[in-house]
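Engineer: Letter by letter, the chains look like this.
6 protein chains.
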Amino acid sequence: MSFTDPWLDSALIAAALREDIGRGDITTLACVLAGTQARARIVARRSCVVAGLPIVAEVMRQVDPAIVVETLVAEGALVADDTPLATLAGPARGILTGERVALNFLGRLSGIATQTHWCVQATGGKARIVDTRKTTPGLRALEKYAVRMGGGRNHRFGLDDGVLIKDNHIIASGGVARAVANARASVHHLARVEIECDTLAQVREALDAGADAILLDNMDLSSTLPEAVAIIRQARPATIIEASGNIGTDPQRIARVASSGVDLISIGALTHSAPTVDVGLDFNPR
Amino acid sequence: MSFTDPWLDSALIAAALREDIGRGDITTLACVLAGTQARARIVARRSCVVAGLPIVAEVMRQVDPAIVVETLVAEGALVADDTPLATLAGPARGILTGERVALNFLGRLSGIATQTHWCVQATGGKARIVDTRKTTPGLRALEKYAVRMGGGRNHRFGLDDGVLIKDNHIIASGGVARAVANARASVHHLARVEIECDTLAQVREALDAGADAILLDNMDLSSTLPEAVAIIRQARPATIIEASGNIGTDPQRIARVASSGVDLISIGALTHSAPTVDVGLDFNPR
Amino acid sequence: MSFTDPWLDSALIAAALREDIGRGDITTLACVLAGTQARARIVARRSCVVAGLPIVAEVMRQVDPAIVVETLVAEGALVADDTPLATLAGPARGILTGERVALNFLGRLSGIATQTHWCVQATGGKARIVDTRKTTPGLRALEKYAVRMGGGRNHRFGLDDGVLIKDNHIIASGGVARAVANARASVHHLARVEIECDTLAQVREALDAGADAILLDNMDLSSTLPEAVAIIRQARPATIIEASGNIGTDPQRIARVASSGVDLISIGALTHSAPTVDVGLDFNPR
Amino acid sequence: MSFTDPWLDSALIAAALREDIGRGDITTLACVLAGTQARARIVARRSCVVAGLPIVAEVMRQVDPAIVVETLVAEGALVADDTPLATLAGPARGILTGERVALNFLGRLSGIATQTHWCVQATGGKARIVDTRKTTPGLRALEKYAVRMGGGRNHRFGLDDGVLIKDNHIIASGGVARAVANARASVHHLARVEIECDTLAQVREALDAGADAILLDNMDLSSTLPEAVAIIRQARPATIIEASGNIGTDPQRIARVASSGVDLISIGALTHSAPTVDVGLDFNPR
Amino acid sequence: MSFTDPWLDSALIAAALREDIGRGDITTLACVLAGTQARARIVARRSCVVAGLPIVAEVMRQVDPAIVVETLVAEGALVADDTPLATLAGPARGILTGERVALNFLGRLSGIATQTHWCVQATGGKARIVDTRKTTPGLRALEKYAVRMGGGRNHRFGLDDGVLIKDNHIIASGGVARAVANARASVHHLARVEIECDTLAQVREALDAGADAILLDNMDLSSTLPEAVAIIRQARPATIIEASGNIGTDPQRIARVASSGVDLISIGALTHSAPTVDVGLDFNPR
Amino acid sequence: MSFTDPWLDSALIAAALREDIGRGDITTLACVLAGTQARARIVARRSCVVAGLPIVAEVMRQVDPAIVVETLVAEGALVADDTPLATLAGPARGILTGERVALNFLGRLSGIATQTHWCVQATGGKARIVDTRKTTPGLRALEKYAVRMGGGRNHRFGLDDGVLIKDNHIIASGGVARAVANARASVHHLARVEIECDTLAQVREALDAGADAILLDNMDLSSTLPEAVAIIRQARPATIIEASGNIGTDPQRIARVASSGVDLISIGALTHSAPTVDVGLDFNPR
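Protein chains in written order, with the working numbering: chain P, 1 to 286; chain W, 287 to 572; chain R, 573 to 858; chain X, 859 to 1144; chain C, 1145 to 1430; chain U, 1431 to 1716.
Worth double-checking, as some hints may not be accurate.
[To be verified] Derived, one-sided and incomplete: chain X residues facing chain R with beta-carbon distance under 8 Å:
no.: 1; residue: V1021
no.: 2; residue: N1026
no.: 3; residue: A1037
[Claimed, not checked] Here are some, though not all, of the chain X residues that point toward chain R, as calculated from beta-carbon distances under 8 Å:
no.: 4; residue: G893
no.: 5; residue: T894
no.: 6; residue: A1030
no.: 7; residue: G1033
no.: 8; residue: L1079
no.: 9; residue: S1081
no.: 10; residue: L1083
no.: 11; residue: V1087
no.: 12; residue: T1134
Treat the hints as calculated values from the structure; they're not laboratory data.
Here a beta-carbon is modelled for each residue, glycine too, at the ideal position from N, C-alpha and C.
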């Protein structure tokens, strides 16, 4: 990994290349002469928010350091259909061998960034859109980066950098009050304690227990959710309020939740169900 | 990995757990006492073709070998909304710590299997549905397993176990005839040679060059595609014909392509854009 | 690692064994017959707080699963000179080959736990003793576990699970206010923001900026430190106050700092300079 | 690792950085702008023998290759309080992110070198000071390097590059004579055979058995130790004599042992209990 | 690995260096001063086909990037006794430390290339010489590269990139017909199906089952083998015919098999029993 | 690796299986039903000294723990043609998938043990046969184990566990005397110093320098070698004498060298050119 850009994980990219290339790209090695040079362009066939061009560059660098990648748009840019995103120049074999892995990363990450962008737009600036832990196994850092490129914010990165007491934790620990107290007594002083509440009764318990943040899960948008927000804002106004569940990526639902006064809206579909963006590589040998 | 079930990759699962758990599940360790036992059920909230239960079992085994997982349906089964898929019994901490990773795998793989199932149904048995290399980096073996669970078949697994000469290879190698000849002269005798053709002229060149299989890419479904099939069947009937491009997961398009007489229909969306299936874990401590 | 006991890292232990054993324990393989059985006891030669017996058990398990380890005292127990801590029974070769690595871990961790214990005692319960990031490279999780066994609490585990703005960050970001604001705007909502202050002016800036926690570094114990505490408690009483710097492990200094009203006292020497505890293995073949 | 400087293990350094940085240095990424440049100095706050500057350089190189490290003193130099040891120049983010790991290595290794230096001074040149296998798990090569920087010499590096028959081996193999004979018969011809003796009787047995080296363990400094040396020097003068046990780092004890005529004095405390040296990083952005 | 030259596996070379160097080349570090420069030549003491010079270069690069390697002959060249193959210039320590590993690779690979060359010569161009899976564990890609350098061709690289139904598969699957059918139904469309036949009856079964390739194993060269060829060529002339078993590297046997009309002759001894070529390093310091 | 049987390296075996199996044994998975059970025997087709049966067992255990391996002869036994060595029972798929890797190890190691055996026989007990560092990259520990199974002894295992000053070291360090002195001053006290001598003048220099062991390299067997032995035995009789170079595996040459009075004869061909032993697997499903 890069220690200063932790999402840019060269080991992950190497693993993806090994997965695809295996014992060697037998088609390219057979069909293309070793010295052949080429130029190519990576093009977004559809409008999208671009995320992943540094990954494309790293893929090509690993395949053959002689390949020069120049990016034509900024990460996070919203581009129109058929926008060239980057040019590649160098050994034809390497470009062809790395093409699919590069596009697989770019299409997926741009898909997440694009989906996030439209969700963020739907809030009208009234709440933050944040991701969840419903990410692709192995790709969490990258997918959370894509969420940022789409204008979203990140929730915790894993089970170790934030306390979120969910319904099952409450059951297993014997109630809201005990769960919050146990968490407070165990974790270090820089961690806030958040708890998921499904009912107004739980919300009141959580407030009594001194939770720093409350996740309102799967509440009815027209009745329970606004009531919960009101209760919290009256009792302890600095409490952070997150809404999740049943929201999806529908702009109207997002707008309604954002208007309810919550601070954050977390959406699993940002990462687990974003359709890939169609990106392609146009190739010209020289 | 398991050498006899190569898709069941325990190292991949360990990496996914490390990614999520990091330095420890601070919420669970704080809220749930070490000896607490629990039972839980994994439930498909929506109808789906199930794929990934062995992964769930392996996730839980790695988190805590004392957790007993029993599956309630067979891999590849088509289930209705709200079908219980498996029961878990054992240490509550382990179940809660492993929950998200288990569900992330199960939801994604069942999503792919389900999407594949409906595409296979659409063919009316007239052609095979096969996947592509447009898979999630790191998850190819698993995603191709999910395609099989959905009734699909696999294309090659990587760049090393099949020759597929694509448009860019043709450009880089100087034409269809030379590309096919080079491939034949280089790869071992157990590999067939397939070539992508965009035009009828290329199809005729490919037939002359003795290609074993021809990929008809992005051809017009009502004119060029059936004509290409006719040309091939007349010239060298044993040639394998694959169609791809612009097909997606729309049943009607799939049905039309299947009726054209091709052997295989390859669909990238099987893996790159399958929506995740909503699966959850219902928890009861004891 | 163990996903439910994350400090019990079997890969770390395997690496330590490889480091010591290299291509094989040539003395033991030469001198001791393969089938020889033995019993042994691990003994603390000096009074200490015990930490690391599960590591001893894992070391022996990795060397030879036939070795049975029984612990005689609880982790975290304060024991007298010459206290037997565990018995080992099984193949003599394995016991001798694993001895040094087991004792190296046990002596070091017990050293940290013991030093922590006396620091905690010195506070009279008026403040928490916490560790720092001044740990041995590679052993952080274990050393922080030893701190807990000694009755201490942990600070953040790394640069990723807590925000602590230190003097150099303030310089690099252009002042206390801007640093706090930037941190708040970037990190997820479950992270508190702590800032290190060397002067009362900085303390006031930090309070204005809304820091959740303030680290009073290297302040004069008789004047500046109590004054800083008073300022904070008056302005924003819920602010968490940590003291560090120049405190070391001297009980009287610790008592004075604890009496000043701070919440936490962080001490690098807990981990970076704890003398090892003399532990030995008494061996009887049978 | 470096194959020509084997103690300079880049994988170990990378692991230490991953341990500290985890998913990213959230404070630095939040507070310091990406392009900010800085200069910094690493300073020894206390007099010490310096060891570890190449590690500092490698840490910074791994964090960001744009950081330029210049060392101001030689490895192994004895420096006064407040001596600048190195300058760093480059991206501020990287310097701040790598600071703690760099200092943790430098402080520990300089601590070992310093402690070794004073032990070597205490011998008056009459015997070699050597280390033991009581090193920190994972850091043996580095710690043995630090011993050399302090003027000490190394004992064997592991269980595979030297034969040392200890008390427990003698018990397990049925006596001194048999142990020596078995060792000689098994190991390759380039390995000498050393045996630990606790009594004069064992010393005589060891001489009869033809041991190449004898370790006098825990003997009374005023009676048994000199007598053992005399017996050995008379019987087989070329035998290498090592003393260990109960010696510690007290200069007077070391001087007495050195005067007894032994060749080597091995001291576990060189590595297992050396206090860290206080080293800091003074930071100036530019 | 190199993704464009997959046989050039830098991780394998690093492992070989670690295996040989362990904790450090104590002879070279002791005897040769750090700054000493040297020149050296690698020389083939005996006539051979050269394979492995890029490995020599990579070995030296990993040991010390300051070593400059210039090759004097092309890979695959047939050279006479005492031919210089490459010059090395740079730090003496690195050259001496890397020497043995470099020569071990070069001698082995050139041995395989040389043995292959003479087998290929023996065919008179009438059949291809191919390798088998009887390669050295860990070195398959390199050894198959050496076969190519010697003018041979490769069989499949592993169990995953080609279907070869052997005698034990036939037994386990219930006969030739069922085995071929099962294989066809399971593997992807780019894989041909080959089956091993020991008798003429099996050959006929295989032809009926539609096998793409038939391996005639251990057949009598004067009777059964030519008869089998005749049967196949008459029934389905495009079937690929491979001969193996009892052939070895004897030129006359190879010539006879080649004359029988088979397409391929596979020879395990190419890789499992090729004598190493005597290559040495002549050294001059400067 | 096994810490008590260090040559039994399970990671190496896993790597060999991954190399051969890749993404899966497509033939076996296609042809053999999942539940099929089988029995098989591993048979030595030719007389040999057996080495590697524990590797066979570990290969099968890794492929499928349900496979039961029973060995029929002892490691190191000299067996006749067509001797059954082990039986296998369990899942047919696993036996077939692991067969080739198991046999590749067994054939190679038995080949080395067999060649060593005949060399040892040729000495008439007058000198030890030892191996060299001319081993297969990655397999050194295993090949040195095979040498022991054949009755040979091992030389040093790597560059780190023995000092052997070779001709190039002498050149680079400025002569025999300086090389020996430098080695003595640098390595730990348990290492003997050996030096390679090509001439009688060098032998005398080495004796003067106090070398513990002298390697007589490539000397004329009828004149220089016996003269060198005589010089050494007269000057310093305890010096260890090793002969190497131009000896090979010819029994008569070995006998002559052994009669010259040397202690050790080192032979690279033991490991670098031992022909593999023909071992096979006879298979019966049940």
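Engineer: Indicate, hint by hint, whether the structure satisfies it.
Structural biologist: Hint-by-hint comparison with the structure:
The closest approach between the C-beta of V1021(X) and any C-beta of chain R is roughly 5 Å, which is under the 8 Å cut-off, so the hint is satisfied. Taking 8 Å as the C-beta contact cut-off toward chain R, the hint placing N1026(X) at the interface holds, the least distance being around 4 Å. The criterion of a C-beta within 8 Å of any C-beta in chain R is met by A1037(X), whose closest approach is roughly 5 Å, and the hint holds. With its C-beta approaching chain R no nearer than about 11 Å, G893(X) sits outside the 8 Å limit, and its interface hint is violated.
The criterion of a C-beta within 8 Å of any C-beta in chain R is met by T894(X), whose closest approach is roughly 6 Å, and the hint holds. Below 8 Å, beta-carbon pairs count as interface contacts, and A1030(X) has one with chain R at about 4 Å; its hint therefore holds. Because the smallest distance between the Cβ of G1033(X) and any Cβ of chain R comes to about 10 Å, over 8 Å, the interface hint for this residue is violated. Of the supplied interface hints, the one on L1079(X) is violated, with its beta-carbon coming no nearer than about 19 Å to a beta-carbon of chain R, more than 8 Å.
Taken as an interface hint, S1081(X) does not check out: its beta carbon lies about 23 Å from the nearest beta carbon of chain R, beyond 8 Å. Because the beta carbon of L1083(X) sits about 20 Å from the nearest beta carbon in chain R, more than 8 Å, this interface hint is broken. Interface hint at V1087(X): violated, since its Cβ lies 24 Å from the closest Cβ of chain R, which is beyond the 8 Å cut-off. For T1134(X), the interface hint holds, the least distance from its beta-carbon to any beta-carbon of chain R being 4 Å, beneath 8 Å.
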